[in-house]
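The lines below spell out each chain.
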Amino acid sequence: MVEFTPGARVRVRALMPPGHIRTPAYLRGKTGVVERVLKEYANPEQLAYRLPAAPLRLYRVRFEMAEVWGAGCETPSDTLDAEIYAPWLEPAHAP
Amino acid sequence: MPHDHPHDHDHDHDGMSPSGHPYRKDQDTGLSYWQCMEIAVRELLIEKGEVSAQEVARQIDVMDSRSPANGAAVVARAWVDPGFKALLLKDAGAACGEMGFDIGPLQLIAVENTAQVHNVIVCTLCSCYPRNLLGLPPDWYKSRAYRARTVREPRAVLAEFGLTLGEDVQVRVHDSTADMRYIVLPARPEGTEGLSEAELAALVGRDSMIGTGVARRP
Chain A
1390 MVEFTPGARV RVRALMPPGH IRTPAYLRGK TGVVERVLKE YANPEQLAYR LPAAPLRLYR
1450 VRFEMAEVWG AGCETPSDTL DAEIYAPWLE PAHAP
Chain B
295 MPHDHPHDHD HDHDGMSPSG HPYRKDQDTG LSYWQCMEIA VRELLIEKGE VSAQEVARQI
355 DVMDSRSPAN GAAVVARAWV DPGFKALLLK DAGAACGEMG FDIGPLQLIA VENTAQVHNV
415 IVCTLCSCYP RNLLGLPPDW YKSRAYRART VREPRAVLAE FGLTLGEDVQ VRVHDSTADM
475 RYIVLPARPE GTEGLSEAEL AALVGRDSMI GTGVARRP
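These protein sequence lines map, in sequence, to chains A and B. Per my numbering, the first sequence starts with residue 1390, numbered consecutively. Per my numbering, the second sequence starts with residue 295, numbered consecutively.
Keep in mind the hints are simulated off the structure, nothing from the lab. Be careful, since some hints might not be right.
[To be verified] Now the in silico label distances, taken between C-beta atoms and shown as ranges:
# : chain 1 : residue 1 : chain 2 : residue 2 : range
1 : A       : R1402     : B       : A442      : 17 to 27 Å
2 : A       : G1396     : B       : V374      : 26 to 36 Å
3 : B       : Q348      : A       : R1402     : 39 to 49 Å
4 : B       : E493      : A       : H1482     : 30 to 40 Å
5 : B       : R438      : A       : A1443     : 30 to 40 Å
6 : B       : A347      : A       : R1451     : 42 to 52 Å
[Claimed, not checked] Straight line, CA to CA, 20 Å or less: simulated DMTMM-like cross-link-like pairs of lysine to aspartate or glutamate:
#  : chain 1 : residue 1 : chain 2 : residue 2
7  : B       : K384      : A       : E1424
8  : A       : K1428     : B       : D473
9  : B       : K342      : B       : E332
10 : B       : K384      : A       : E1479
11 : A       : K1428     : B       : D385
12 : A       : K1419     : B       : E447
Predicted model only: the values in this text are computed from it and were never measured. Where is the CB? At the ideal position from N, CA and C, for every residue including glycine.
Bound conformation, chain A alone (with noise of 0.2 Å):
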């Protein structure tokens, strides 16, 4: 699985995967930037199942407000933090 420093761009995996999932759906598809990275927790969606969880890396990602509800949102510069699970993800380039 790759790993993302601070400042790494990352895009959201666009998946709509049935089950307990805590990366919320209005983040899904969306690009923002590692703001830190944080320890392993135990993967809640194997957790909330009580099925043996394993460890994964969790990230604080930064959002801008414009990328998250489009350009017509309230204030396009403010911001919006959220903790992802790594497999959740991937690489994004510079727009």
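Dock chain B against the given chain A, drawing on the hints supplied.
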């Protein structure tokens, strides 16, 4: 308005309380599915000896004993002690532990409000909240309206809380989607230079640590 019923005293007072107010109907409703489930599971656990009723009561007491005063004490310490503030922003759990507040197994991140940046906390997926530092969350924090709107139109939400921010201030929304919990370190108000740590803590309300408000001026 102290009265929500006509009070001209021409009517007869049958069915009124001794102070002349109409009795309201009891609002008793049946238990919801999940309330029944909670009672059933709790009683089963007690019957099987997994926990005792006293342990359940004690844990409720622990939850009730936590209040925003804990968070306010942390904020006031950060305002007077630059070393503590640096630790709080780097490792909030360690900083809180230094003050004797056990934040449990979850990780805490403190985000700092400045003249240029205003932070606000939300949990869109459920209602994650730094309970160990702030106590139980207010009901509105768990409402769908707050959760859905704060990520989409934070400035409109903050304005409804009485906080209107200028265009020169960047709003940073933090969605607690996974294992982190957040607390806002509000900006220290002007005119507080001579105040003690305890006096400063009294200026720090719950909403200022969620980001839907700011610290009070003395």
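Comparing the hints with the structure gives:
At about 23 Å, the beta-carbon gap between R1402 (chain A) and A442 (chain B) stays in the expected band of 17 to 27 Å. At about 33 Å, the beta-carbon gap between G1396 (chain A) and V374 (chain B) stays in the expected band of 26 to 36 Å. For Q348 (chain B) and R1402 (chain A), the Cβ-Cβ distance of about 48 Å falls inside the hinted range of 39 to 49 Å, so the restraint holds. Between E493 (chain B) and H1482 (chain A), the C-beta spacing of about 52 Å breaks the proposed range 30 to 40 Å.
Under the hint 30 to 40 Å, the C-beta atoms of R438 (chain B) and A1443 (chain A), about 32 Å apart, fit the expected range. A hinted range of 42 to 52 Å holds for the C-beta pair A347 (chain B) and R1451 (chain A), which are about 46 Å apart. Proposed proximity of K384 (chain B) and E1424 (chain A) is supported: the alpha carbons are some 13 Å apart, at most 20 Å. Restraint check: the Cα-Cα separation between K1428 (chain A) and D473 (chain B) comes to about 10 Å, which is no more than 20 Å; the hinted pair holds.
For the hint linking K342 (chain B) to E332 (chain B), the alpha-carbon distance of about 15 Å falls within 20 Å, and the restraint holds. Taken as a hint, the K384 (chain B) and E1479 (chain A) pair is broken in the structure, with Cα atoms around 27 Å apart against an allowance of 20 Å. Only pairs whose Cα atoms come within 20 Å are accepted, and K1428 (chain A) paired with D385 (chain B) is accepted, the gap being roughly 12 Å. The hinted pair formed by K1419 (chain A) and E447 (chain B) meets the criterion: a straight-line CA distance of about 18 Å does not exceed 20 Å.
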